[in-house]
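Chains A and B, in that order, are what the protein sequence lines are. Per the numbering used here, the very first residue in the first sequence carries number 1; after that it's consecutive. Per the numbering used here, the very first residue in the second sequence carries number 1; after that it's consecutive.
Simulated from the structure, these hints should not be mistaken for laboratory data. Glycine is no exception: its CB is placed at the ideal position from the N, C-alpha and C atoms. Please note: incorrect hints may appear among the correct ones.
As the list claims (entries may be wrong) - The calculated label-pair distances, taken between Cβ atoms and stated as ranges, are:
| no. | chain 1 | residue 1 | chain 2 | residue 2 | range |
| --- | --- | --- | --- | --- | --- |
| 1 | A | ILE200 | B | TYR177 | 44 to 54 Å |
| 2 | A | HIS356 | B | ASP215 | 34 to 44 Å |
| 3 | A | GLU155 | B | HIS188 | 38 to 48 Å |
| 4 | A | ASN53 | B | GLN62 | 36 to 46 Å |
As the list claims (entries may be wrong) - Some but not every residue of chain A turned toward chain B, in silico, with C-beta under 8 Å:
| no. | residue |
| --- | --- |
| 5 | VAL43 |
| 6 | GLY204 |
| 7 | GLN330 |
2 protein chains.
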Amino acid sequence: MSFPRVGVIGAGQLARMMAIPANNLGISFRVFAAIPNDSAAQVANFVIGDYTNAVDVLAFAQECDVITFEHELVPATVIRELEKRGVKVYPKADSFQYSQNKLLMREKMAEIGLPNPKWQKYEGGAVDIAFPLIAKVPTGGYDGRGVYVIKNQEELQSLYLEVKSPLLLEEKLNFDYEISVMVARSPHEQAATWPATLTIQSDGICTQTVTPVPDISHELSTSVQSAALSIAQAISLVGVMAVEIFVVGDKFFINELALRPHNSGHWSIEGSQTSQFEQHLRAILDLPLGSTSMVAPYAVMGNVLGGEKHDMYRPYLHLMARRPDLHFHQYGKEVKPGRKIGHVTMIGDDLLQLQHEVTHAVDYMSGVIDE
Amino acid sequence: MSFPRVGVIGAGQLARMMAIPANNLGISFRVFAAIPNDSAAQVANFVIGDYTNAVDVLAFAQECDVITFEHELVPATVIRELEKRGVKVYPKADSFQYSQNKLLMREKMAEIGLPNPKWQKYEGGAVDIAFPLIAKVPTGGYDGRGVYVIKNQEELQSLYLEVKSPLLLEEKLNFDYEISVMVARSPHEQAATWPATLTIQSDGICTQTVTPVPDISHELSTSVQSAALSIAQAISLVGVMAVEIFVVGDKFFINELALRPHNSGHWSIEGSQTSQFEQHLRAILDLPLGSTSMVAPYAVMGNVLGGEKHDMYRPYLHLMARRPDLHFHQYGKEVKPGRKIGHVTMIGDDLLQLQHEVTHAVDYMSGVIDE
């Protein structure tokens with residue numbers, strides 16, 4: 001049997017959810033974890049190590065046929081070291097950099113002619129964007145970390161002195177809503193997108209997604225999927241990527257890229273013929289991609305954030321009794337306030353009911369409501 | 001966190017496929033394997049031991065909250081020993097015996113008024129059933145083992161002398177087709193069935209299933225689901241069970257019971273809101289059962305049997321390219337001729353096309369056809 005061995009750097013919930021299609025596909029799967037209790041290490045073979053240490057990562061990689069990542073924090077130097085040693089790493093460092101460095105990403109979007117918000121690199125000079133504006137530390141941020149709303153020149157100056165590195169400044173768009181398009185691409189250059197997903201945020205954290213985006217025009221839907229495919233091609237993506245997008249009227253603006261399975265694609269586990277996790281494995285192994293068609297008119301996903309309740313088992317029993325068609329995904333993570341500890345998904349045709357039930361379920365699990 | 005720990009005796013493909021919803025549900029899951037390379041041991045935590053040894057099994061059980069089985073071969077004495085020691089075992093020995101002893105099963109079906117083929121216990125006396133008839137060794141058989149077509153008295157006598165135990169004799173029904181109804185039941189007595197599945201056999205091995213049974217009358221469909229619920233209630237089932245049934249015209253006859261996830265329920269992984277594997281976990285943990293509704297008009301499953309090809313990776317790459325909506329399940333088992341090494345499923349609305357593609361896929365993987 002020549003079934004390949006995949007190794008994932010990182011052992012959070014994304015790696016945990018990737019283990020599932022790996023089992024179905026018969027692919028040997030292991031994760032590079034920080035501690036044995038990491039989310040994915042609970043359910044898959046693992047090696048303990050430090051992902052910033054090229055020696056550790058290289059030793060892990062030598063037992064695998066392909067290496068991939070589940071987060072943006074693996075240093076580019078480590079990825080390039082693996083590549084230099086002949087390890088097959090996907091996405092490649094040259095692609096992954098657009099996920100790790102937001103300034104590079106803006107330059108690339110401009111180069112391929114996709115709509116950016118107004119932006120500039122800031123190194124202490126003149127500011128061409130109206131305040132309030134968004135300032136981003138180009139590297140190391142995720143889930144809203146490293147992103148600041150800046151009201152005036154003084155605040156900008158003080159942030160710049162604090163971070164001691166160039167900043168990415170962006171206009172603060174008064175957008176109508178945010179969407180995400182998941183796209184997959186393989187070394188053979190086969191590519192596929194799923195329908196665009198509405199991402200509903202609260203305090204910078206995604207709380208619910210709806211796929212497809214309700215009431216989106218055919219033109220916009222086609223344009224954003226086409227944009228995602230163009231980006232995938234332009235950056236030589238291998239794997240899956242989330243393209244986060246702002247929508248203003250009938251226009252769209254690229255927000256961020258994440259070159260990995262993404263929270264906005266979790267709906268695809270139940271809602272699509274092929275989940276983003278299976279597609280990522282197919283892509284990095286250069287297998288033909290699976291069908292991205294939906295199995296129901298709508299899929300609604302809600303993130304379960306840690307709240308007051310520490311025992312998630314009882315609420316979950318209650319919710320199962322209430323809705324037999326609610327799908328649960330527990331990440332096996334310790335409950336901490338605001339931490340993503342799981343998600344729920346429902347598929348069906350009555351969008352309002354699906355949203356109502358998913359909202360109820362996450363609020364009940366987090367302890368926001370009692371019944 | 002009080003998420004329960006489930007232990008499965010046996011580590012074949014059924015335990016492997018049960019590991020997947022366990023991960024999603026956040027349930028700690030481990031298997032009792034014979035060797036580390038067993039199908040489920042490749043993808044889940046495991047303990048090595050001998051399932052006929054009560055001491056080994058008891059040690060395993062003490063680290064779990066609930067114990068279940070994936071095959072009928074665990075000795076009743078071992079199950080009863082666990083129960084005596086206060087271990088929560090589902091299904092219970094009193095239920096499981098109907099899966100392990102076909103004579104007891106026939107008696108029970110007669111007791112609850114469900115249609116049996118003509119049958120009798122044979123201990124060397126008169127035979128009331130016309131030859132050719134079916135003779136079954138009541139215990140220890142599965143997948144057609146221990147089942148014989150007997151043409152005359154001499155053959156019966158020689159079988160009886162060989163097995164040295166009572167036999168179950170059954171009329172050889174000239175049935176139109178075989179179906180299976182999966183049913184789940186929890187300690188709270190919540191119960192649910194899925195639509196009946198057509199099981200297409202070749203040489204006593206199931207090769208393909210179609211759900212729901214095409215062209216089945218509403219009356220028959222309702223009757224067989226109702227029969228499955230009655231059996232579940234009568235034998236105090238906890239977990240899932242396959243009720244295998246012969247159909248003759250508008251009549252049906254109970255064939256066999258399997259008190260575990262079953263090959264005829266594999267379609268439910270993609271075809272139903274809740275798979276048989278998730279439902280089994282929900283049932284044995286006394287969680288509310290999930291919805292058994294289908295997510296597409298038809299689900300077709302084909303078993304991949306080992307053939308001439310030993311490398312299953314290349315054919316699978318070819319098939320993925322041909323049909324992006326084909327779902328693969330590899331069991332990680334060594335290829336041996338005739339052995340079930342995986343299955344494929346497709347869901348959709350064009351039944352003939354689904355059957356054509358699934359047949360092609362399994363024939364191609366087994367090496368029966370070359371393109």
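#### Entry: Hint check, failures only
Violated: hints 3 and 6.
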